[in-house]
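J.: Protein chains in written order, with the numbering used here: chain W, 1 to 332; chain E, 333 to 630; chain S, 631 to 1025.
Read the hints as simulated data drawn from the structure, not as lab findings.
One thing to keep in mind: the hints can contain errors.
Computed spacing ranges between beta-carbons, pair by pair [claimed, not checked]:
#, chain 1, residue 1, chain 2, residue 2, range
1, S, P892, W, L12, 39 to 47 angstroms
2, W, D212, E, Y596, 42 to 50 angstroms
3, W, D162, E, V615, 52 to 60 angstroms
4, S, Q959, W, L114, 58 to 66 angstroms
5, S, N854, E, I461, 46 to 54 angstroms
6, W, L97, E, N495, 52 to 60 angstroms
Computed list of chain E residues with no C-beta within reach of chain S, every gap over 12 angstroms [what the hints assert, rightly or not]:
#, residue
7, F336
8, L413
9, R443
10, A493
11, R496
12, K505
13, P514
14, I522
15, T577
Mimicking SDA-like on lysine to any residue, the simulated pairs with C-alpha atoms at most 25 angstroms apart in a straight line are [to be verified]:
#, chain 1, residue 1, chain 2, residue 2
16, S, K1002, S, Y992
17, S, K853, E, A467
18, S, K703, W, R35
19, E, K505, E, I616
20, W, K227, E, R424
21, S, K703, W, P301
22, S, K751, W, A167
23, S, K968, W, L294
24, S, K664, S, G701
25, W, K8, W, Y39
26, W, K227, E, K523
27, S, K853, E, F336
28, S, K751, W, S30
29, S, K968, W, L32
30, E, K502, E, M406
31, S, K703, W, L33
32, S, K751, W, T100
33, S, K968, W, R35
34, E, K523, E, I616
35, S, K825, S, Q882
36, S, K664, S, Q882
37, S, K751, W, P301
38, S, K664, W, L294
39, S, K664, W, A167
40, S, K1002, S, A881
Being a predicted model, the structure only gives us computed values, none of them experimental.
Note that the Cβ used here is the ideal one computed from N, Cα and C, for glycine as well.
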Amino acid sequence: MNDKLTPKNVILGLLVCFLPLLMYGIDAISLLLSRYDIYLDLPSGDYMLRIVVRAYLYMLLAIGLNIVCGFTGQLDLGYVGFYLIGGYTAGLLMARLGVTYWIALPLAVINGALWGLLRGAPTLRLTGDYFAIVTFGFAELLFRIVKNEEWLIGGPNGMVRDIPPPAVFGVVFNQNWHNYYHIILLLMLVVFITYRLQHSRVGRAWVAIREDEQAAESMGINVSRYKALAFTVSAAIGALGGGFIAQFQVNISAPFFEFWESIFILCMVVLGGMGSIRGAMIGAAILGSLGEILRPGFIIPYQFGNARYLIFGIILILLMRFRPGGLSLRKA
Amino acid sequence: MAQFLEQIINGLVLGGIYALIAVGYTMVYGIIQLINFAHGEIFMLGAYIALMLITVFGIPFWVALPLSMVLCAMLGMLIDLVAYRPLRNAPRLSALITAIGMSLALQNLARMIWSARDRQFPTQLLPTIFQGQNAISLPGGGTLPYRDVCIILLALVLMIALNRLIYLTKIGKAMRACAQNPVAANLMGIKTNQVIAITFAIGSALGAVAGIMVGLSESVTPTMGYYKGVAAFAAAVLGGIGNVTGAMLGGIIIGVAEVFGAGYISSGYRLAIAYIIMIVVIVIRPSGLLGKSTGTRA
Amino acid sequence: MRNCIIILLIVGLVSIWGCQPASKDKQEAQRELKVAVAAPFTGNAAAFGEMIKRGAELREKEINDAGGINGMKLTLIFEDDAGRDAEASLVAERIASNLQILAVVGHFNSSCSLAGKPIYKRAGIVELSPGSTNVTVCEGSDWTFRNLYRDDFQGQFIARYIDEVLTDLQSVAVFFDNDDYGRGLRNAFVEEAEKIGLNLVADEAYERDSTNFKAQLTSIKAKNPDAIFISGLYGQAGLIVKQGRETGITAQFFGADGIDSPDFLTIAGPAAEGTYLTTPFTFGAAGEDAQQMATNFEALHGMAPDTWAALTYDAVGMIAEALEKTYNQEASVRDNRKAIRDHLASLDTPEEGYVGVTGITYFDVNGDTVNKPAYVKIVEDGQFVAADQQLLDLN
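Required output: the full structure, derived from the provided sequences and hints.
T.: Okay, here's the thing in structure tokens:
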């Protein structure tokens, strides 16, 4: 965290604030040029904006997962479960009960936190990969529930349709730039909270638990309580992301919350460097947009169209090979 | 009753396959504490390699099977050499991400080479014992193909052989030493890297057998490794990760639980029921069924 | 130092990405009309994406060999949604905001079509799905169409066929793929079956990525049904039929359009014999143009086409026809996209419908295809042939 007002930071800040303007500027120019039959092979602004929104969403999730994985040092393979709970709580409340987004989102967060606590209770004793596999089983179970319980969800395959966009006094927020500022606000909130937690008693206790649980216990840290707190906060952040995606996607279904998504977010955390908020954000920025950058037509020619995930895998291997400690840290 | 018997057999066949895959996970984990996500892909490649050997090169099945095992063993060692060895001293999760990347790359490579269509072993080129129509009749109208009997027997034989290998041979002793403490083992003159390579080779060869068995009774697809791999990994953890006997036991339990879950409780939840059992077991016995209680390894 | 390299790498990547040379279209004599085809070319449903791509490529080639669309070249752009709705929405944004693309053929998975729907609607671009059968896909958007029937029609049809034509089948079991397609179809079937009093004895699910169905089949066998309706796709259905016969099931197997593929026959082998299935069309019962298309397809790709290839072939043809009738070089992209939509929406009677290899396609107010007849096929001697008795009038 570097909050100095250096020129670099000011430029970056301005860029972040006015990115949609820049993107829509590109679109306006493209539209103008298209009148004269000139087409730039640039990805359009709206599309890039959507990639950025998704990358920000992944940043938020990675920060949440980082609390359990990075701060307290537990391997969580089921983080997507909380994302799912947030998504379905908000989605069902809004689409089926007509609750407004501004009430549905906090409810989703609360529900997520509750489940985090619930899952935390029996797993407090577990360590390492036994904890990992239980979290995995938990997420898988939730995934099956939304897939199978059609009476609850209202559609096959966990499909919730036509989730209304949030609105204030009749102004409907459904454009990409609305979502852009929306997710930035949520992200800022999450970064602020985790940053304050990290640099407080709580954060120090978490790190102590990560380094040596028994030593921490003997120093008078209530390990169970701090671990439970970590699970709860992390789950709440995951559910927040879920609540956001429900309105962002309009229609959600079970495949959003596959096991792969957990792994993907975990990759971001590890790639950026465990235990660092900045690392989680860097990892999410890279992996969250890599899949799109690797689409044929950008840097990969069309002939190799379907090599996207092959290259993705190789990049993962290479990045870990040369930066095993994560991108944000010095060499381990 | 007839139905119960058939379900037990279904469960054992599936469990045998899970056990064969789970052993690969657990052996690697026991020594380098790595969840080798790419193991499921080795399993898939084993099936594809055998399929190619039989259909393209016209090699008879009984030659193709060991050849595919050898090729997969080499592939396993190659993956270790290229991807995991450089990360031996890195944080443990970095190697995990490498494994995920490897799994992604191999799966997509297979899809690009062989396309995503389901493929079948051509029945007429298989030994008669593996042709599905040759079967033992069961009471109640069902049949038990000799193929499935072979799967169970093969799994059993390989497991016993592996168990003997680990407990009776010199290399097995070296493996156990490395699992206990790689640094100390190294100091005692054991070539750790060599032992790890052999571990990968054995695990991969068993994975290849499992892949071929699944290919014979089901079908060969680029994503087959993912679905079975995840269940097998759960089996390895259930049995106590790092423990070979535990992996076999875990495989059988997950297989039977999956079949009974689907057959008697709810087919929509199939594997989820197996996972619930797994969670309950782990919460009660935090180091798996046969695992020794160890310190934190995160 | 490492940091610098990484940053340089990222900057390099981004700049290569951003600084691609402007399109060379201007220099080419022939003008291009671009249409996107969005389908799962990777991931679990990639087998369908591959057939969709082949069908689309055949049509593209035929159109361009015949001189293009009013002298302009048709260029298809294939976009991969990996069968996952999260990716589908990005693909949708990518296509919708690309000003050169005039229409979309896709997506395949219903969940992907639904994910793209709000984006295509906002941008005003036609989404013509050759594969999404979920009932709700076309509701609530003027821009979404499909050229195949909905789950509910097909489910009803199969229930009625079993009830009215195959009267000696008294009890039916349902075995469905637990995703939007399989479950949607199963819901329609079960609803109709209950209405007409068909005796349902078992209702089991399976997962798309699973390849071992013995557990469910054994418990279905214990219920002793006369017929088993497989509501799913050919990869799994082939295995289900094969494993079902191994399990000792003697019941009649039934399938829907999802199993209409030559791969079904190769996977199931001799066990496929006697399986009934419904399809939107059959290469056997359909006209000469369908046979011709099948021959050309074999020649180009070295394999037989399946339903999805044929439906995509027609979908590309429909868009091409719309372009031929409405495309105006002087008009803006937005107007051209709208003109395609208006043209498709105007195809609302059988007389005006598009005549393709899969029959006559015309739309209702939602954009759903109205009453494409369903045909019943049966597997005989390792071939799909039209069944002796068809049920053409549902009412």
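J.: Would you mind marking each hint as holding or not holding in the structure?
T.: Do the hints match the structure? See the list:
no.	hint	result
1	S:P892 to W:L12: 39 to 47 angstroms	violated, 57 angstroms
2	W:D212 to E:Y596: 42 to 50 angstroms	holds, 46 angstroms
3	W:D162 to E:V615: 52 to 60 angstroms	violated, 40 angstroms
4	S:Q959 to W:L114: 58 to 66 angstroms	holds, 60 angstroms
5	S:N854 to E:I461: 46 to 54 angstroms	violated, 31 angstroms
6	W:L97 to E:N495: 52 to 60 angstroms	holds, 57 angstroms
7	F336	violated, 9 angstroms
8	L413	holds, 24 angstroms
9	R443	violated, 6 angstroms
10	A493	holds, 25 angstroms
11	R496	holds, 30 angstroms
12	K505	holds, 37 angstroms
13	P514	holds, 28 angstroms
14	I522	holds, 34 angstroms
15	T577	holds, 25 angstroms
16	S:K1002 to S:Y992	holds, 9 angstroms
17	S:K853 to E:A467	holds, 23 angstroms
18	S:K703 to W:R35	holds, 20 angstroms
19	E:K505 to E:I616	violated, 31 angstroms
20	W:K227 to E:R424	holds, 21 angstroms
21	S:K703 to W:P301	holds, 20 angstroms
22	S:K751 to W:A167	holds, 19 angstroms
23	S:K968 to W:L294	violated, 31 angstroms
24	S:K664 to S:G701	holds, 14 angstroms
25	W:K8 to W:Y39	violated, 33 angstroms
26	W:K227 to E:K523	violated, 40 angstroms
27	S:K853 to E:F336	holds, 13 angstroms
28	S:K751 to W:S30	holds, 20 angstroms
29	S:K968 to W:L32	holds, 19 angstroms
30	E:K502 to E:M406	holds, 21 angstroms
31	S:K703 to W:L33	holds, 21 angstroms
32	S:K751 to W:T100	holds, 23 angstroms
33	S:K968 to W:R35	holds, 16 angstroms
34	E:K523 to E:I616	violated, 38 angstroms
35	S:K825 to S:Q882	holds, 22 angstroms
36	S:K664 to S:Q882	violated, 46 angstroms
37	S:K751 to W:P301	violated, 29 angstroms
38	S:K664 to W:L294	holds, 21 angstroms
39	S:K664 to W:A167	violated, 36 angstroms
40	S:K1002 to S:A881	violated, 29 angstroms
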